[in-house]
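I would like the entire structure built from these sequences, with the hints used as guidance.
Numbers in this note's numbering are just positions in the sequence shown, counted from 1, shifted up by 127.
Read the hints as simulated data drawn from the structure, not as lab findings.
One thing to keep in mind: the hints can contain errors.
Unchecked claim - The list that follows gives simulated cross-link-like pairs (lysine-lysine, BS3-like), each with its CA atoms no further than 25 angstroms apart: (1) Lys-247 - Lys-262; (2) Lys-247 - Lys-143; (3) Lys-262 - Lys-143.
Unchecked claim - For each label pair, taking beta carbons as the anchor points, the in silico distance ranges come out as: (4) Thr-253 - Met-214: 16 to 24 angstroms; (5) Arg-173 - Glu-238: 13 to 21 angstroms; (6) Asp-181 - Ile-240: 18 to 26 angstroms; (7) Phe-198 - Asp-161: 12 to 20 angstroms; (8) Leu-267 - Asn-171: 32 to 40 angstroms; (9) His-151 - Leu-267: 33 to 41 angstroms; (10) Ile-240 - Asp-162: 29 to 37 angstroms.
Every residue, glycine too, gets a C-beta built ideally from N, C-alpha and C.
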Amino acid sequence: CDKYKVLNVSNVAFGKSTQADDEHSGHPSSNAVDDDINTYVHTNTRDTPYWLVDLADVYAIEHIDIVNTNFEGYRLHDLDISVGNAMYNMTVCAHYDGPGTDGEHLVFNLEEIAFGRYVKLNIVGTGQLQFAEIKVFGYLKEETGC
128 CDKYKVLNVS
138 NVAFGKSTQA
148 DDEHSGHPSS
158 NAVDDDINTY
168 VHTNTRDTPY
178 WLVDLADVYA
188 IEHIDIVNTN
198 FEGYRLHDLD
208 ISVGNAMYNM
218 TVCAHYDGPG
228 TDGEHLVFNL
238 EEIAFGRYVK
248 LNIVGTGQLQ
258 FAEIKVFGYL
268 KEETGC
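Next comes the structure, spelled out in structure tokens:
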């Protein structure tokens, strides 16, 4: 008997709580999970700027999609994508060298399923973290009782 069964694989980040280490005026961290590619996240220039989503539960994460802004796409570069159960204890699951292009759609198929409550994006080095949308595709596991 398989003790677990897979539930829906879906975008588990939509509408969830987000934060960034700072926010450029009018471009809050929540714009990344509003399902609108015309809004975007934008930090000020700083060392290792980050953005984070709290999925509110531990998910098995299969892949992560990021949509770049339709302008100044080059700002998305040297990007680490991390997953973990605590905000300050995360594992890098993917990296994007960049630089990005305007409107680019990036798909990160994780080599191994990552388990975690938090997903974090950060620029390695100095820069402005700017992107339009993120979708985190994952699922919960449910015990079958056998």
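(message) Given the hint of 32 to 40 angstroms, is the C-beta distance from Leu-267 to Asn-171 inside that range or not?
(response) Given range 32 to 40 angstroms: holds, Cβ gap about 36 angstroms.
(request) May I ask you to test the hint 13 to 21 angstroms on the CB atoms belonging to Arg-173 and Glu-238? (result) violated (30 angstroms)
(request) Note whether the CB distance of Ile-240 and Asp-162 lies within 29 to 37 angstroms or breaks it. (result) 24 angstroms Cβ-Cβ, so the 29 to 37 angstroms window is violated.
(message) If I claimed the Cβ atoms of His-151 and Leu-267 lie 33 to 41 angstroms apart, would that claim hold in this structure?
(response) holds (34 angstroms)
(message) Hint check: Lys-247 vs Lys-143, CA-CA at most 25 angstroms. Holds or violated?
(response) holds (13 angstroms)
(request) Sort out whether Lys-262 lies within 25 angstroms of Lys-247, counting only the CA atoms. (result) The hint holds at about 12 angstroms.
(message) Holds or violated: Lys-262 and Lys-143, Cα atoms, limit 25 angstroms.
(response) holds (11 angstroms)
(request) Just tell me: holds or violated, for the beta carbon distance of Thr-253 and Met-214 against 16 to 24 angstroms? (result) holds (22 angstroms)
(request) Take a look at whether the Cβ-Cβ distance between Asp-181 and Ile-240 falls inside 18 to 26 angstroms. (result) Because 19 angstroms falls inside the window, the suggested range holds.
(request) Could you see if the CB distance from Phe-198 to Asp-161 stays within 12 to 20 angstroms? (result) At 18 angstroms between Cβs, range holds.
Of the numbered hints listed earlier, those contradicted by the structure are 5, 10.
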